[in-house]
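Which chain is which? The protein sequence lines are A and B, in order.
Here the first sequence is numbered in my numbering, starting from 1 and rising by one per residue.
Here the second sequence is numbered in my numbering, starting from 1001 and rising by one per residue.
Hints in this document: simulated from the structure, not taken from any laboratory.
All C-beta atoms in this analysis are idealised placements derived from N, C-alpha and C, irrespective of residue type, glycine included.
Incorrect hints may appear among the rest.
What the hints assert, rightly or not - Under 7 Å between C-beta atoms, here's a sample of chain A residues computed to sit facing chain B:
#: 1; residue: 114
#: 2; residue: 117
#: 3; residue: 120
#: 4; residue: 248
Claimed, not checked - According to the in silico footprint, chain B covers these stretches of chain A (three or more CB under 8 Å from chain B):
#: 5; stretch: 134–146
#: 6; stretch: 149–158
#: 7; stretch: 190–197
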Amino acid sequence: MNDGFSRGAVAVVGVGTTAFGRLPGYSADDLGVWALLEALADAGLRGTDIDGLIANRVSSYETIAAQHGIQPRWVAQLPTEGRMSGASIQLASLAIHAGLCRTVALVYGNNGRSAGATYGAAGEAYGTSPELTLPYGMTSPGAFYALMMQRHRHLYGTTEEQLAAVPMTFRRHASLNENAVMRTPYTLDEYLASRYIVEPLHLLDYCLINDGGVAMIITTAEAAVDHPKPPVYVLGAAQTGQLVGSDVPPEDFWAEAISEVGRRVLRIADRTRDDVDALMIYDNFSPNVLFALEGLGYCKPGESGDFVQDGRIGLGGELPINTSGGHLSESYMQGWGLNVEAVRQLRGECGARQVAGARTIQYVCSSPVVSSIVYGTQR
Amino acid sequence: MKAGIESSPIVPMVERLAQYRAGLAVGELRITRCRECGTNEFPPRAACACCGAPGPAEWITSSGRGRVWSFVVFHKRYLSDPAPRPPYNVAVVQLVEGPKLITNIVGIADSDIRVDMPVEAVFDRHGDTVVVRFRPSTPAGPTADTPASEQNPSR
């Protein structure tokens, strides 16, 4: 079973991003429309060339279509959780495979900063039963990951100092990215001195809350060669859910689900872990990078704190991760920005933060829905 | 053909929670047990998470004993009153019967809470509402042979 995928049958031909940061006066839809304008220009297309549309986080697929003159033969909108970006890319690819449409625009817009989102207010509670958790003051995905980190520390002795390597590395990457929101590197002491939000997680372990938009254009591999930029093939996509009991953290930090998805996506892509030149890991909170690395089998359970040390996950290291700065430092675009970074790296467009000779890059999101996409320059 | 609410195959979530809260009001922590495979569960679900058997599951009363599976300390205030004001702890407690609950630990400083610490339920009444929280307890049962003071600190 190949999850419906035929390796490299579709390719990304356009990517677009807005400015990131505080963009008052722009709705989520405006930001999606802006990003799509950039992606269409990147692909050498107009909205009238698009026949498939997936909207995410914007309020209305209808607005996006109307603003760009898109008359889709196929349209879908997925809910606002970041775990749905990978699912969107998988779904768009499969829609093209299935012949539902030929060229899909994937559009994401988020005005969370200007709208005052906190990801923890009563209306934004986490899990399936907020009426059972809010009376205890439990709220916010950050607290969920803090519970996981505390447990990881207890089981394996993982330290704050070890975890710090994740956000510090991504900040150094962001310092090489002109579009990143947070670009100033900091020291371990500054990390340790930064305030706790939900202890044991510090402010610097949390993703940003900023405004911005991201869009991608995916089409058939046959059509992909006729666009201005070299095609970046979607070599494989896979996901699995771990939704039973998901109101409390998983015993295994999702390792089984991540492992299964990781094996499956690489098999579909006909690649091995050794082929992966860089990883894009959904870093909503820095511990999630540790859990993803363990799940993917880069190290044994409990050894990720050691694994991320000594520059291994930085540019120039053995396994560069989140070369844009990720959600922690570039922009919180709920996975979409990381997928665009994968494409730009494979095109060789990343300047000072370029991974030399990158040919295969893997995106992974660990959450109650685990997803992974593998991109490559060759089919 | 069946029609109407009388023939609904599920108990609405709000009614399941009412049964849970009725237990709290009389000092009982109620969880559910699958009538087919015996798996204990909380929150109460429409079907068993383990074997898929449709509910309604049987209500049983937990011993109220368990261990701290993990905990955090909130320093940011997300929620307005009557939610607790930071700093406050939130814990996942695993009951000896199996299910895990989101709760608070009371009767101990936040800085003294440890993962794996044995705890027992206390029922806090605020006007008409009762919530179940947990306080440190003396160990009980075959897996609880280490005094809390000798366990590895988790922080």
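Query raised in the report: When the hints from earlier in the document are held up against this structure, which numbers fail?
Result: 1, 2
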